[in-house]
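Make the full structure from the sequences, and use the hints.
Given next are the chains, with one letter for each unit.
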Amino acid sequence: MRAVENALDITIPDNARIIRNLITGIQYVQDHVIHFYHLHALDWVDIVSALSADPAKTASLAQSLSDWPESSVTYFKGMQEKLKAFVERGQLGPFSNAYWGHPAYKLPPEANLMAVAHYLEALDWQRDVIRIQALLGAKNPHAQTYLVGGMAIPVDPNSQNALNAGSIAFISGLAKKAHEFVEKVYIPDLLAVASFYKEWAAYGEGVGNFLVYGEFPKDNISNTDNLWLPRGIILNKDLGTVHPVDHNKITEYVTHSWYEYPDGDNSARHPWDGVTDYKYTGPKPPYKFLDTDNKYSWLKAPRYDDKPMEVGPLARMLVAYASGHKRVQEVVNHVLKTLGVGPEALFSTLGRVAARGVETLVTAEMLPVWLDELTANMKKGDFRIHNGEKWDPSTWPKEARGYGWQEAPRGALGHWLKIKDGHIANYQCVVPSTWNGSPRDAKGQRGPYEAALRGTPVANPEQPLEILRTVHSFDPCMACAVHVVDPDGREVTRIKVV
Amino acid sequence: MGVEIAVVGIGNILLSDDGVGVLVLNKLKGRYELPGNVELIDGGTMGLDLLPFIEGKERVIFIDAVDFKAEPGTIGELNNSEIPHYFSSKLSVHQIALPDMIAAGQLLGTMPEEMCLIGIQPRTIETGYGLSPEIEGQVDGLIEKVINKLSGWGATLELSIDN
Chain A
0 MRAVENALDI TIPDNARIIR NLITGIQYVQ DHVIHFYHLH ALDWVDIVSA
50 LSADPAKTAS LAQSLSDWPE SSVTYFKGMQ EKLKAFVERG QLGPFSNAYW
100 GHPAYKLPPE ANLMAVAHYL EALDWQRDVI RIQALLGAKN PHAQTYLVGG
150 MAIPVDPNSQ NALNAGSIAF ISGLAKKAHE FVEKVYIPDL LAVASFYKEW
200 AAYGEGVGNF LVYGEFPKDN ISNTDNLWLP RGIILNKDLG TVHPVDHNKI
250 TEYVTHSWYE YPDGDNSARH PWDGVTDYKY TGPKPPYKFL DTDNKYSWLK
300 APRYDDKPME VGPLARMLVA YASGHKRVQE VVNHVLKTLG VGPEALFSTL
350 GRVAARGVET LVTAEMLPVW LDELTANMKK GDFRIHNGEK WDPSTWPKEA
400 RGYGWQEAPR GALGHWLKIK DGHIANYQCV VPSTWNGSPR DAKGQRGPYE
450 AALRGTPVAN PEQPLEILRT VHSFDPCMAC AVHVVDPDGR EVTRIKVV
Chain U
0 MGVEIAVVGI GNILLSDDGV GVLVLNKLKG RYELPGNVEL IDGGTMGLDL
50 LPFIEGKERV IFIDAVDFKA EPGTIGELNN SEIPHYFSSK LSVHQIALPD
100 MIAAGQLLGT MPEEMCLIGI QPRTIETGYG LSPEIEGQVD GLIEKVINKL
150 SGWGATLELS IDN
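These protein sequence lines are chains A and U, in that order.
If you count the first sequence from 1, position 392 lands on 391 in numbering that gives the first Met the number 0, and the numbers rise without skipping.
If you count the second sequence from 1, position 161 lands on 160 in numbering that gives the first Met the number 0, and the numbers rise without skipping.
Treat the hints as calculated values from the structure; they're not laboratory data.
In this text, all values refer to a predicted model and were calculated from it rather than measured experimentally.
Check each hint, because a few of them may be wrong.
[What the hints assert, rightly or not] Straight-line C-alpha distance at most 25 angstroms; calculated SDA-like pairs for lysine to any residue:
hint, chain 1, residue 1, chain 2, residue 2
1, U, LYS68, U, GLU133
2, A, LYS197, A, TRP297
3, A, LYS81, U, GLU133
4, A, LYS283, U, LYS68
5, A, LYS248, A, ASN235
6, A, LYS176, U, ASP48
7, A, LYS306, A, ARG445
8, U, LYS26, U, GLY153
9, A, LYS419, A, VAL147
10, A, LYS83, U, GLU81
11, A, LYS283, U, LEU13
12, A, LYS283, U, THR126
13, U, LYS28, A, GLN143
14, U, LYS28, U, GLU157
15, A, LYS56, A, ALA84
16, A, LYS217, A, GLN143
17, A, LYS197, A, SER51
18, A, LYS417, A, ASN222
19, A, LYS278, U, GLU125
20, A, LYS278, U, THR126
21, A, LYS287, U, LYS68
22, U, LYS148, U, GLU125
23, A, LYS76, U, GLY108
24, U, LYS28, A, ASN139
25, A, LYS175, U, ASP48
26, A, LYS138, U, VAL21
27, A, LYS138, U, LYS148
28, A, LYS336, A, VAL244
29, A, LYS379, A, SER158
30, A, LYS81, U, GLU113
31, A, LYS138, U, LYS28
32, A, LYS76, U, LEU107
33, A, LYS417, A, ARG445
34, U, LYS26, U, SER150
35, A, LYS176, A, PRO108
36, A, LYS325, A, ALA399
37, U, LYS68, U, ASP48
38, A, LYS76, U, GLN105
39, A, LYS138, U, GLY46
40, A, LYS138, A, MET0
Given below as structure tokens:
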């Protein structure tokens with residue numbers, strides 16, 4: 000959308016900008032909470048250990064962390080009984096397909112029980128807050144209301160079928176609920192869990208370079224510099240300097256990727272001239288060994304000024320912190336102080352997990368602000384939501400090119416396109432998990448996942464829980480790149496549902 | 000009116016045979032008149048987001064591609080505790096599948112008491128649209144199996160007038 004708007008020089012109405020901010024914002028909040036509880040928590044929380052927790056001690060622990068109402072002895076006792084009944088139901092199956100009992104689990108049983116309870120509460124919570132996306136996007140996931148020039152959702156206080164005062168009040172209630180859970184459950188859990196795993200501030204560093212396109216525009220110009228979360232680059236972990244981002248410096252290599260370039264696979268191409276011709280040269284699957292000296296990945300290797308870059312919540316929070324973003328600085332400092340670690344701890348697996356939490360909190364705080372902006376526009380009588388001046392292709396130049404940037408929950412997402420004679424001549428996406436999961440480039444430089452895994456201690460090679468912790472800390476979007484991989488490779492159940 | 004029943008087709012139609020559950024569901028929708036107590040749900044790749052749609056149902060049939068370690072096209076039926084349900088380690092939230100969903104639903108206490116998984120052995124789940132011939136040839140067999148199960152639960156499906 001932003002790439003086309005940039006190519007055709009379209010300015011979107013202010014209401015469209017605000018609604019896009021709201022949808023992106025609630026996406027951050029929901030995605031990050033789900034990632035923490037439903038993917039990442041199982042790397043740190045041993046569900047089976049929760050069975051031996053003392054519900055009374057669990058209640059005092061929960062009450063010491065926040066005034067969240069669901070924290071009585073009775074509540075945790077009930078939760079533990081549910082869990083027991085579940086484990087005892089017929090077979091051992093439910094809990095056998097993970098690494099329960101692994102020596103790298105360090106939480107006391109009470110913290111484990113609290114986390115299990117919140118795992119389930121997060122499920123209930125998300126089905127409510129996700130309605131914000133459904134209301135503004137008409138569908139969740141994959142919002143349907145985006146279109147070039149604005150949004151396809153009417154804003155009109157006098158219509159039942161449009162965004163009106165009633166629906167804004169409803170969304171505002173959900174936004175409050177979203178914020179409350181983040182403030183009283185997610186952040187306290189994150190800090191409590193992190194306090195038992197401080198050694199993870201020394202592992203999983205990555206490449207030390209961070210790229211952020213920035214997000215949440217304060218004006219309605221495409222690729223604007225006027226952003227709530229600032230754009231910028233940090234090099235070699237130096238928080239003293241934030242470098243500007245120049246899209247001309249972005250290139251992709253395929254030296255170690257299963258693609259070929261017309262002018263040789265050691266060359267790098269800017270996305271406008273990007274070529275995606277796949278050529279698989281790996282072993283016939285299933286295989287046990289991939290030779291990383293040759294081609295070994297379906298991901299290309301994006302580089303900025305020939306350097307690998309980490310993208311995502313940690314990158315965003317570091318750039319915001321280093322750019323003097325007041326609220327981000329406050330929350331980051333609070334987290335560091337509570338855990339008793341210095342800013343260097345941010346460059347780690349633990350830092351990545353913490354930054355995601357910080358971002359969730361500060362974003363949840365912004366939802367009401369954007370809703371107020373929308374209400375203010377409506378009060379002024381501004382209901383514009385779409386700019387259709389360039390809707391007809393006959394209004395376009397014969398040739399145009401553009402790029403659009405978005406900070407997706409997982410990080411910097413860029414689309415580059417060329418338009419010729421009213422048609423798309425080339426379209427290239429460079430997505431967050433390609434930056435983070437990038438294979439090596441022509442110089443042999445590793446991408447963030449690879450760099451982050453070096454030096455990670457693994458207690459039991461058969462159960463590489465520690466590896467999962469670091470990979471999960473990036474929140475990989477790997478469904479497209481890996482397809483159905485069973486990372487365990489263990490035959491635990493007789494039948495596997497695919 | 001009988002017990003509340005959900006029939007849920009699961010899978011990704013962009014991953015060839017993985018989409019069989021959703022395709023079977025759509026055929027059921029087009030071909031039959033449903034009694035008021037039966038709801039057909041396109042579960043797609045919703046994972047845990049599917050839970051609220053099943054909550055409140057007394058019985059549920061899942062239709063999905065299942066690795067029975069058998070010849071492609073082999074149809075099988077699993078009931079209640081035979082259906083895999085566990086929390087497993089995975090790389091991405093995008094991989095949350097039926098076993099995780101059932102496990103979470105049971106812990107929440109919102110899973111129906113009576114569950115049935117009608118599955119078929121896929122040939123391939125590579126990226127691509129449409130089913131392999133062996134699977135396509137068994138679609139009617141899967142539909143029949145679903146109808147028989149429903150009729151065992153007292154819900155009869157009538158062919159639509161259009162057919």
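- Task: Quick one: which hint numbers does this structure break? Sort them smallest to largest.
- Result: Violated hints: 2, 3, 22, 27, 28, 33, 35, 36, 37; rest satisfied.
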